[in-house]
Amino acid sequence: MARRPRTPTSPINDLDLRQWREYPEILTDSLWTFPERDRSGAHLADYHGNFIPQIPHQALLRYSKRDEVVLDPFLGSGTTLIECRRLGRHGIGIELNREVARAARQRISEEPAPEPVSTSVLIGDSSDLERTSRKIERQLRRLGRTEVQLALLHPPYHSIIRFSDHPADLSTCADPEAFLEGFGRVVDLTNCFLAPNRYLVLVIGDFYEKGTWTPLGFQCMQTVMERGYRLKSIVIKDMQGNRAKRNLGNIWRYRALAGGFYIFKHEYVFFFQRG
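Numbering (the numbering used here), first residue to last: 10 to 284.
Hints are computed from structural coordinates only; laboratory data are not their basis.
Check the hints yourself; a few may be wrong.
[Unchecked claim] Under the rule of at most 27 Å between Cα atoms (straight-line distance), these lysine-lysine pairs were calculated in the DSSO-like manner:
{"id": "1", "residue 1": "Lys74", "residue 2": "Lys241"}
{"id": "2", "residue 1": "Lys241", "residue 2": "Lys219"}
{"id": "3", "residue 1": "Lys274", "residue 2": "Lys241"}
{"id": "4", "residue 1": "Lys274", "residue 2": "Lys219"}
{"id": "5", "residue 1": "Lys144", "residue 2": "Lys74"}
{"id": "6", "residue 1": "Lys246", "residue 2": "Lys274"}
{"id": "7", "residue 1": "Lys74", "residue 2": "Lys246"}
Can you build the whole structure from these sequences, using the hints too?
Here is the structure:
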């Protein structure tokens, strides 16, 4: 009797590779260009510095399954957890700013969830390994879990946007060295919960200050790799639609010509696999 062909399955997503042509929405190239951010449902662009929903959407489809748990240690306005509700994933988000966390809870709750999932906003410092670990552990116990299967990290880009005056806010760090030290502690927290062989996704950009380009993205990449992660891919996300640059296009062009630099039009999306 002939054997029936086995269904190609993956330990990290729900894709049926026999039907690989039926996933045109999933990006596989290393340059992502989006004409505009997704503003559907609960997604809004009123929180300065939040990342576009298309990034967590792509990450969740490629690197998680339905009913798995996703961790976002820099939750902000809740973009990742809104996508978790849409795609049937449980989500745990950590937000340092109490007022931002309250607004995120409300916004996330307004997104319909086609499947029964839990999305939790925890107020805390993601660089505080002891205290915040306990909060995540409690939430995982409520779900009957001990691990998360995907982590998405979208930290501040050092001092480009100052989000608060809280001393634990990475946007208040005195210099890039202090930023990287604090960011490393957040990766350490993530390590406590991310399952082996699963993915950490980092969204980060560089910054230009006092006549020097600081490669913050690659410095953060190195910080993650020093903790035992394998770099799987680097994606460049096109920033052509950046509102601030678009509204001040002529001014930025003059500054670039006068200062001898090029205008930022991109962010990095780093994909790492835990060993």
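Item to complete: May I ask which of the numbered hints given earlier this structure violates, with the numbers listed in increasing order?
Response: Of the numbered hints given earlier, the structure breaks just one, which is hint 2.
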